[in-house]
Every structure is written in C-alpha cells, then in structure tokens.
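Using the sequences and the hints, build the whole thing.
Numbering (numbering that gives the first Met the number 0), first residue to last: 0 to 109.
Simulated from the structure, these hints should not be mistaken for laboratory data.
Hints may contain errors.
Each computed BS3-like pair below joins lysine-lysine, with the alpha-carbon atoms no more than 27 Å apart [unchecked claim]:
1. 109 x 96
2. 21 x 98
3. 26 x 104
4. 21 x 104
5. 109 x 26
6. 98 x 109
7. 26 x 98
8. 109 x 21
9. 96 x 26
10. 21 x 96
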Amino acid sequence: MINGISLGVIVVLVGLYGILSKRNMIKMIMSLYLMNSGVILLFISIGYIAGGRAAILEGAEELIVDPLPQAVMLTSLVIGLGITALALALAIRIYDKYKTLNVDKILEDK
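In structure tokens:
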C-alpha cells in the first residue's frame, strides 16, 4: 500500500511534469496548484503519528500529534488558492490581449 509521503512526492512530480511539458497557460497553472497540493500532502504525512491524539484529549500524554504543521499547511492551502485565482485572472487578461493561451505564441508576438 502506498503511504502519504510517497503519494505526496508523486503528486509533486506529476505537477512538475505538467509545468515543464505543457505550453497551455491553464494547464500550467493547474499543474502549479497540483504541486502545491502535493507539498501540503507531503508535510501533513510527515507530521502523522500512528495512534496519535490531539493534545486537548484526555489520555493523550503518550502520543501527541503536533497541530502546528496542520495549521501551517491550512495557511499554505489558502495562499495557494489565492495565487491560483490570481494566475487564472491574469491568464484571462492575457487571452483577451493575445487571443491564445499558448506560451510560445505569446512570446513570439511580443
């Protein structure tokens, strides 16, 4: 069975492949968001403790899960969503000007 760390690395690599191989801006932006999600999955999986409990529960003195990585990754998720929304808005503006989303054609017209 595949664990969370391996899955996170695979998702990051798939996103990296999408950024490097695709020339469509929308696909590149979605690949960037996929990489962001993979990094979040990776860090959450690193912080996972089997049988761990929240520090606020009774009887959690032995195995306590640190809530800080979860809070930081929640913040990262919100920031990644904002960056993706901004990138998509910029892609719409670029499409209005150049009538294409192909990065190579946009650089030729420049």
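Okay, the hints, checked on the actual structure:
1. With a CA separation close to 11 Å, the supplied pair residue 109 and residue 96 stays within the 27 Å bound.
2. For the hint linking residue 21 to residue 98, the alpha-carbon distance of about 18 Å falls within 27 Å, and the restraint holds.
3. Simply put, residue 26 and residue 104 have alpha-carbon atoms about 15 Å apart, close enough for the 27 Å limit, and the pair holds.
4. At most 27 Å may separate the alpha-carbon atoms for a hinted pair to count; residue 21 and residue 104 meet this at roughly 13 Å.
5. Distance check on the hinted pair: residue 109 and residue 26 sit about 21 Å apart at the alpha-carbon level, within 27 Å; holds.
6. A threshold of 27 Å between alpha carbons decides the hint, and for residue 98 with residue 109 the separation of about 13 Å falls inside it, so the pair holds.
7. At most 27 Å may separate the alpha-carbon atoms for a hinted pair to count; residue 26 and residue 98 meet this at roughly 16 Å.
8. Note on residue 109 and residue 21: the hinted pairing holds, with a Cα-Cα distance of about 20 Å set against a maximum of 27 Å.
9. Restraint check for residue 96 and residue 26: the C-alpha separation of about 19 Å stays at or below 27 Å, so the hint holds.
10. With a C-alpha separation of about 21 Å, the suggested pair residue 21 and residue 96 falls inside the 27 Å cut-off, and the hint holds.
Comparing the model with each earlier hint shows no violations; every hint is respected.
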